[in-house]
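Kindly produce the complete structure, drawing on both the sequences and the hints.
Below are the chains, spelled out letter by letter.
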Amino acid sequence: MLSLPAAPAPAPRRQVFVGTALACAAGTTLVGGMLAMWMRFRDDALSITGGTWVPKGVVIPGVATNVMLIAFLPICVFAQWAVYAARRDDRPNTALALALVALLGLAVINGQVFVYSQMNLAAAGGAFNSMFYAVTGTFVLLTIIGMGFSGIAAFRFLGGRTADREIVSAHAMYWYFLSVAYAALWFVVYVTK
Amino acid sequence: MTTIDTHVTTAPADAGAERGSAGVVAWITTTDHKRLGRMYIVASLLALLGVATVGLLLGLERADTSTDLIDAGAVSQLFSAYRVGLTFCVLVPLLLGVATAIVPLQVGARSLAFPRLAAAGFYAWLIGSGIVIGAIAANGGPGGGDSRMVALFLVAHILLLVGLLAGAASVATTILTTRAPGMNMRRVPLFSWSALVGALGLLLALPVLVGALVYVYIDYRYGRGGFGGNKGIMTWIGFGFTQPLTFVYAVPVFGFAVEVIAVASGRRMPMRGVVFTGIGLIGVTALSGISQQVFSVPANLLYGSFRAFLEVFVPYALFNLLPVLGGFIVIAVGAKALSSGRPRFTAPLVFGLTGALLVFAGMVANAVYLVGDAHLGGTVFEEGVWLSMGYGALLAALGATAYWGPKLWGRSMPDMPLVGIALLGFVGAALASVPLYVAGFADQPADAASFDYSGPQELWNWVSAAGHALMVLTVLAFIGLALRAFTGGPSAGDDPWDAQTLEWATSSPPPADNFAEIHTVASAEPLLDLKPLDTQRSDA
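Residue numbers (my numbering), protein chains in the order written: chain H, 1 to 193; chain E, 1001 to 1540.
Worth double-checking, as some hints may not be accurate.
To be verified - Among chain E residues calculated to face chain H with C-beta under 8 angstroms, some are:
hint, residue
1, Phe-1114
2, Pro-1115
3, Val-1162
4, Ala-1172
5, Thr-1178
6, Gly-1211
Everything labelled a hint here was simulated from the structure, so no lab data went into it. Quick caveat, the model's predicted, so the values are computed rather than measured. For glycine and all other residues, C-beta sits at the position ideal for the given N, C-alpha and C.
Below, the structure is given as structure tokens:
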């Protein structure tokens, strides 16, 4: 009969962290691909003599979009604060940091809804209109997933699985990804009009 | 020392405890990777029957231009359905299903990483595929006339892709994080390595296709202002169904081929690092999906400027020549392994070799197709490339099912009839694709049922249609044989192929947790380490 030596207990797996890293990579190509198509359409529209990309009369509320960008700075800080606190088994601070991340995520979504309401853009008005809703809507969906991630991380950690620090680290990585993705989106969609 | 033959102490997962409705519920709600893999395989093979039939219908329609088998308005939709169906309803899920079932066993893991995500991914793919096919049948899909069905097709296509992404993430995470102690990345089995490269390729490339689909859907649903409506859909999402991105979907074909070559020759695969590199080079084509572009090159490039050389030749070489190099490396090392021994020509080996050769032929032909001065753009040459790749990958996937079927179902398929089916499939695939290369040089237009050109169009298209018919026969024969063998065939035993990797160290079928104990491995062929030297075919 064939035999192999029995192994000791397997080392920590970091499955959630690796899985989240793969998800972030996939999200990067998703957002990157969409922004690339956006730039191509924009260039095509502007290459026509007298052509415009942003429809006439449409004003992008710059303050709201800038505040959304700025909001990602404390989000990154709070996400890392959660990692720092989790490593020290500091449950109150971990919970507070995760809650603040989710709250600011909600603020980002609120900011996007405000942008939609201020722009009052009809989805059926042309390529800019439909693409604007597609790319920003996709980002809102990614943000909602991030808030869900914050909730799951908080409940798992507060539920007593304090050894489960990996999920807090993975959570932070996901929000870093969202921050970079929004910075790219902000520059391509809101700045280079 | 401890036994690795686990069926003595642990009951197999399919021991028959679940009968009737409880059994159905257990299958539907399963998170066991072996069951998920088998569900992927069975559903893909069923979809394959429909897709192959569509291919046959299109072949017949082109062969005889005097009569219309298919309504003229439906031809372009059927071409689209054929591409979508063979790529995302058959090929990718079939290979992903094999990987889902086998990779955890190969790397010595008790389960798949994120099993619930993988199960959700399977159902997302299954439901998405069903709706995609239904929407196309109801006059939807690219070029479809029913706007609601076209929109439904787009949404379902996103769902389908998200499902495949979930499955790919599970497979990749499993290989990266749940390997048995002692199994570093250099000791990962060849098929698992190719599954990792393929899964990473899917994770990088498919989201770009998802993004394009989101754009097209929103535009189609709300205004049709920028993406060309129903006629423009394939313009924006077509890169997902054409070369070179399709080579990423076929990466596991090469892993399977070298895996069965090593087993058939009874020796350790030489130059494993080189084989790993070759498979990795094929995976580079995932970047073509990210770029969403096909890079062609003029033949007179060498006479142009250095800047033009950099701008044109480098991306062309990156996405089209590197895969050829990678495929060549894998095939060359495989040939060396075969020639240095006295291999047993088993059915999986024939499936693997013919499949890899067809895919490689497609890669070479694609490199030719994209040389601008060949003037092959817009001709059926590209369809010939796609068929070489698609049917080649399909043959390898059938071979993988035959090879690992004994492990998953506990019963063996008869080898001699399988060899016949493999050869029939190879002839069918060659007949379906090669005439289209010739017709492409004679300028037969792509995706058109009626045309006029200088070549003997009826001959080539009849031969191609006959090839499709042989593929339908191949699939039917394989499914029939598999049904009979896996339900009532002879018991396979734990290691029917005298194999080298960990999946053959457990019972057939494996217990619920795969292995009674986790084991330490000391080489890339842990099972071969245990076999006495005189039982290894070192006489070769």
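Cross-check of the supplied hints:
1. Phe-1114: The hint holds - Phe-1114(E) has a Cβ within 8 angstroms of chain H, the shortest such distance being about 6 angstroms.
2. Pro-1115: At 11 angstroms from the nearest chain H Cβ, Pro-1115(E) fails the 8 angstroms test, so the hint is violated.
3. Val-1162: Because about 10 angstroms separates Val-1162(E) from the closest Cβ in chain H, which is outside the 8 angstroms limit, the hint is violated.
4. Ala-1172: Holds: closest Cβ of chain H sits about 6 angstroms from Ala-1172(E), inside 8 angstroms.
5. Thr-1178: holds, 6 angstroms
6. Gly-1211: holds, 4 angstroms
The structure shown violates the earlier hints numbered 2 and 3.
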